[in-house]
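Engineer: Chains as they are written, first to last, in our numbering: chain P, 1 to 112; chain Z, 113 to 226.
Some hints could be false.
[What the hints assert, rightly or not] Here are the simulated SDA-like pairs of lysine to any residue, each with C-alpha atoms no more than 20 Å apart in a straight line: (1) Lys181/Z - Ser138/Z; (2) Lys40/P - Lys181/Z; (3) Lys53/P - Pro8/P; (4) Lys40/P - His79/P; (5) Lys9/P - Arg154/Z; (6) Lys18/P - Thr220/Z; (7) Lys53/P - Val224/Z; (8) Lys40/P - Lys134/Z; (9) Lys40/P - Gln118/Z; (10) Lys189/Z - Thr164/Z; (11) Lys40/P - Thr110/P; (12) Lys161/Z - Asp99/P; (13) Lys36/P - Ala199/Z; (14) Lys41/P - Thr164/Z; (15) Lys38/P - Lys181/Z; (16) Lys40/P - Pro66/P; (17) Lys40/P - Leu168/Z; (18) Lys41/P - Pro119/Z; (19) Lys40/P - Lys18/P; (20) Lys38/P - Lys161/Z; (21) Lys40/P - Gln157/Z; (22) Lys18/P - His79/P; (23) Lys38/P - Thr164/Z; (24) Lys40/P - Gln183/Z; (25) Lys41/P - Arg154/Z; (26) Lys161/Z - Thr215/Z; (27) Lys41/P - Ala80/P; (28) Lys41/P - Ile223/Z; (29) Lys36/P - Asn153/Z; (30) Lys40/P - Gly141/Z; (31) Lys41/P - Lys181/Z; (32) Lys38/P - Ile213/Z; (33) Lys40/P - Arg154/Z; (34) Lys38/P - Ser138/Z; (35) Lys36/P - Asp166/Z; (36) Lys19/P - Pro83/P; (37) Lys40/P - Ser115/Z.
Derived by calculation from the structure, the hints in this document are not laboratory data.
The residues making up each chain are set out below.
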Amino acid sequence: DTEVTQTPKHLVMGMTNKKSLKCEQHMGHRAMYWYKQKAKKPPELMFVYSYEKLSINESVPSRFSPECPNSSLLNLHLHALQPEDSALYLCARPSLGGDTQYFGPGTRLTVL
Amino acid sequence: AQSVAQPEDQVNVAEGNPLTVKCTYSVSGNPYLFWYVQYPNRGLQFLLKYITGDNLVKGSYGFEAEFNKSQTSFHLKKPSALVSDSALYFCAVRSLGGSYIPTFGRGTSLIVHP
């Protein structure tokens, strides 16, 4: 049990839509991560939040907009996505000691 | 810089036979090493890690991994494979005292045949 929840499980959107992905953790961890994973590939880091501030942005296009309203919640706002953005989007949190990452179940995003 | 190599795209094994999924790494300083498993349409599940101590690490679902510093390897093993072990396995590394973001290998698809 990673105690990281992600909603929705699946999302289908058009290229002109605006949608949001949500990630929650209730362990009080001060860091949270967004990853993008294409089929049968390793996860690619997108963003890191530390103490609710964006600390790493791995040159992600501006059509992805992260938000961390509080220490338990992480949002990823999506706008004007392209079909190649279709992927599994994973949220992760660190272990108590910070040495290990634990992943949520992911949101499967399809952009039509 | 840190990197991970998983030399096999796919490993096939018969149920009941031992399995090995290979991983070698490159990192400055002492490594933190991890194995994750991913079942279809699921997130990555943590299996085990090596930080320090015994070279043989035991993890979830009967898996273990052996840290070999001289060969810079961290192969995943299980004495007797199950069909339900069929999944995608990722090895990851980060350096002690370095970035807390791990680097993942490309993944190895394990197929266990009945």
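Engineer: If you test the structure against every hint from before, which numbers come out violated?
Structural biologist: Hints 2, 3, 4, 6, 7, 14, 15, 16, 17, 19, 20, 23, 24, 27, 30, 31, 34, 35 are the ones this structure does not satisfy, whereas the remaining hints hold.
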